[in-house]
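**Q** What follows is each chain in one-letter form.
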Amino acid sequence: MAVWTGARRREAVERNGLAALLLAPATLLFTLFVVLPMIEAAWYSVYRWNGYGTPTNFVGLRNYWVLLRNGVFSTALFNTALVVAVSLLIQLPLALGMALLTANRFTGVNLFRTIFFLPYILGEVVAGLIWRFVFDDSFGLSHAIAAWLHVDPPYILADPDLAIYAILIVVIWKYFGFHMMIYIAGLQDISREMQEAAAIDGASRLQQLRHITLPMLAPSIRLSVFFAVVGALQLFDLVMPLTGGGPANATHTMVSFQFVFGITRMDIGFGSAVGVVLFILCVGFTAAFRRVLTRTA
Amino acid sequence: MVASRLFPLARLATLILVAILVMIPLITVALGGFKTIGELRTNPFGLPAMWDWTNYGGILSSAIFWRALANSAWLSAATVFLTVTFGLMAAFAFAQIRFLGRSFLFSYFLLGLLFPAATAILPLFVRIRDLGLLDSYWGVILPQTAFGLCMSIVLLWGFFRQLPQELWGAAVIDGCGYAGFLWHIVLPLSRPILATVSVFTLVHSWNAYLLPLTLLNSSQRYPWPLAIMQYANDYSVDWNLILAFITLTLIPAVAFFLLAQRQIIAGLTSGAVKG
Numbered sequence: 000m001a002v003w004t005g006a007r008r009r010e011a012v013e014r015n016g017l018a019a020l021l022l023a024p025a026t027l028l029f030t031l032f033v034v035l036p037m038i039e040a041a042w043y044s045v046y047r048w049n050g051y052g053t054p055t056n057f058v059g060l061r062n063y064w065v066l067l068r069n070g071v072f073s074t075a076l077f078n079t080a081l082v083v084a085v086s087l088l089i090q091l092p093l094a095l096g097m098a099l100l101t102a103n104r105f106t107g108v109n110l111f112r113t114i115f116f117l118p119y120i121l122g123e124v125v126a127g128l129i130w131r132f133v134f135d136d137s138f139g140l141s142h143a144i145a146a147w148l149h150v151d152p153p154y155i156l157a158d159p160d161l162a163i164y165a166i167l168i169v170v171i172w173k174y175f176g177f178h179m180m181i182y183i184a185g186l187q188d189i190s191r192e193m194q195e196a197a198a199i200d201g202a203s204r205l206q207q208l209r210h211i212t213l214p215m216l217a218p219s220i221r222l223s224v225f226f227a228v229v230g231a232l233q234l235f236d237l238v239m240p241l242t243g244g245g246p247a248n249a250t251h252t253m254v255s256f257q258f259v260f261g262i263t264r265m266d267i268g269f270g271s272a273v274g275v276v277l278f279i280l281c282v283g284f285t286a287a288f289r290r291v292l293t294r295t296a
Numbered sequence: 000m001v002a003s004r005l006f007p008l009a010r011l012a013t014l015i016l017v018a019i020l021v022m023i024p025l026i027t028v029a030l031g032g033f034k035t036i037g038e039l040r041t042n043p044f045g046l047p048a049m050w051d052w053t054n055y056g057g058i059l060s061s062a063i064f065w066r067a068l069a070n071s072a073w074l075s076a077a078t079v080f081l082t083v084t085f086g087l088m089a090a091f092a093f094a095q096i097r098f099l100g101r102s103f104l105f106s107y108f109l110l111g112l113l114f115p116a117a118t119a120i121l122p123l124f125v126r127i128r129d130l131g132l133l134d135s136y137w138g139v140i141l142p143q144t145a146f147g148l149c150m151s152i153v154l155l156w157g158f159f160r161q162l163p164q165e166l167w168g169a170a171v172i173d174g175c176g177y178a179g180f181l182w183h184i185v186l187p188l189s190r191p192i193l194a195t196v197s198v199f200t201l202v203h204s205w206n207a208y209l210l211p212l213t214l215l216n217s218s219q220r221y222p223w224p225l226a227i228m229q230y231a232n233d234y235s236v237d238w239n240l241i242l243a244f245i246t247l248t249l250i251p252a253v254a255f256f257l258l259a260q261r262q263i264i265a266g267l268t269s270g271a272v273k274g
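One line per chain: the protein sequences are P and A, in this order.
Just so we're aligned, residue 0 is where the first sequence starts under numbering that gives the first Met the number 0, counting upward by one.
Just so we're aligned, residue 0 is where the second sequence starts under numbering that gives the first Met the number 0, counting upward by one.
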């Protein structure tokens with residue numbers, strides 16, 4: 000008996016030791032470069048600090064106060080809301096429509112799916128540059144249309160009122176294929192028998208869509224809403240090549256605001272406060288979304 | 000009856016229209032690289048009157064282009080290798096070994112899926128600088144790996160968890176320890192999921208912008224997204240050169256996508272379900 004427990008204990012020690020060994024690198028990296036910086040962001044955000052030495056100039060919630068009264072940050076928040084709205088009201092229906100049209104097999108279906116998905120795999124920076132050309136007043140699309148109408152071409156990206164709409168177009172172009180793929184994956188789980196049964200019972204295509212397909216697609220729709228919102232909150236890479244947040248700071252998103260006013264100016268405290276607001280919005284949205292999900296489910 | 004006969008036609012017309020709208024910018028860019036600046040101004044969307052290879056030739060023989068691709072290749076390769084290796088080790092431990100604090104540590108990693116990376120960026124800059132890694136490849140690779148680990152662990156764990164218990168029993172009878180079990184039995188079975196995780200991580204690190212932008216200073220270490228931004232700002236009026244540069248960076252991305260389409264989509268949809 001004593002020998003048996005000894006062997007078991009040795010086995011348990013070995014097991015825990017091996018687990019520790021296997022987990023050490025991942026845990027170390029994750030803690031050092033993800034979790035600690037998140038905590039430090041909250042800490043730095045109550046200091047005025049240029050990043051050298053240790054933060055000593057405690058300013059309390061002043062950075063947050065300045066941030067909330069900052070007009071450019073309000074614009075950034077508004078732009079983020081705009082991206083969310085366009086994603087939900089235009090991009091997702093478009094993605095759903097394309098998913099429904101390419102859900103069944105027919106010749107060429109894969110080609111269409113591939114084309115729609117293609118913008119998603121291109122880097123954000125290169126997608127932004129491509130569209131900077133398309134919007135360019137002396138070369139691109141607006142140049143061509145204006146020349147055709149014999150008027151002066153507008154430079155959309157240099158117009159503080161219009162530039163954000165140009166960005167919204169690029170967002171739709173870049174990401175609708177991703178949402179389409181989520182819907183296609185969801186559509187493949189819907190049983191064909193049910194649709195065929197409905198068709199035999201005389202349900203029209205529209206009725207099938209409303210009463211069978213859409214309700215059964217609900218999990219995919221929720222997922223895609225979640226990704227659209229979380230993605231919109233963190234939009235950055237696409238904005239930099241298009242406008243860099245300009246003209247006149249009219250097209251900033253939260254992260255581009257943080258980059259320009261926190262990182263390039265080495266205002267660590269203020270930039271961290273932006274990061275904390277972003278964190279609260281992201282985690283808050285996720286928590287609220289989970290709650291709604293579990294309540295309806 | 001008429002409606003059902005018209006449906007395939009209407010569907011095809013809609014799909015073609017959307018496909019054209021999606022492709023116009025891409026084709027314009029690729030063709031634009033063949034034009035002179037004067038022709039680009041008068042004829043931005045049509046076929047070039049003369050196929051001018053000098054823009055492409057100039058970029059293909061420039062050091063900036065190859066340097067940027069080499070930097071990106073090294074940053075991505077190292078990130079993928081570390082993310083997959085460390086993720087695999089951790090996921091195996093979570094799925095197959097009973098140890099103290101397992102569920103607590105697993106929830107700890109799950110938290111990482113919620114965190115917006117931008118929140119960490121300023122403290123990360125301070126940390127990387129204090130470690131003396133600012134403006135070095137490792138200063139980008141290590142944080143990139145850290146951010147990729149959560150997804151990698153969750154995807155691999157989901158796969159390892161479904162391996163039948165009998166496999167481990169058989170391995171014990173054959174006198175195989177955990178290490179042998181992992182190496183000889185689990186790894187060969189996991190090839191598809193490893194491919195998915197690798198491709199997913201590769202696409203992310205290949206296109207990464209914010210992290211290298213913040214952590215690298217010298218342009219000779221720039222990965223391609225930073226290099227192309229710098230190029231576009233330096234040559235801001237020579238759109239024909241910029242378009243050629245853009246097209247040359249699109250080619251590997253599109254080729255890779257066509258090759259690894261299945262893994263990319265599998266990674267997205269499975270990652271999506273877990274996210």
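It is worth saying that the hints were derived from the structure and are not from the lab.
Among the clues, some could well be false.
Stated by the list, open to error - Where chain P lies over chain A, by a calculated footprint (3+ residues, C-beta under 8 Å):
no., stretch
1, 4-13
2, 40-51
3, 108-115
4, 134-148
5, 157-164
6, 198-207
7, 226-232
Here a beta-carbon is modelled for each residue, glycine too, at the ideal position from N, C-alpha and C.
**Q** Take the hints in turn and mark each one as holding or not.
**A** Evaluated hints:
Check on the stretch 4-13 of chain A: 4 of its residues sit with their Cβ under 8 Å from a Cβ of chain P, so the three-residue criterion for coverage holds. Requiring three or more residues with a Cβ within less than 8 Å of a Cβ of chain P, the coverage given for the stretch 40-51 of chain A holds, as 3 such residues are present. Restraint check on the stretch 108-115 of chain A versus chain P: 6 residues with Cβ-Cβ distances below 8 Å, three needed, restraint holds. Evaluation of the coverage hint for the stretch 134-148 of chain A: fulfilled, as 6 residues show C-beta separations to chain P shorter than 8 Å, against a requirement of three.
Counting residues of the stretch 157-164 of chain A whose beta carbon lies closer than 8 Å to any beta carbon of chain P gives 0, which falls below the threshold of three, so the coverage claim is violated. Check result for the stretch 198-207 of chain A against chain P: holds, 3 residues qualifying (beta carbon to beta carbon below 8 Å, three or more required). Interface restraint, the stretch 226-232 of chain A with chain P: holds (3 residues with C-beta to C-beta distance below 8 Å; minimum three).
Checked against the numbered hints above, the structure breaks only hint 5 and satisfies the rest.
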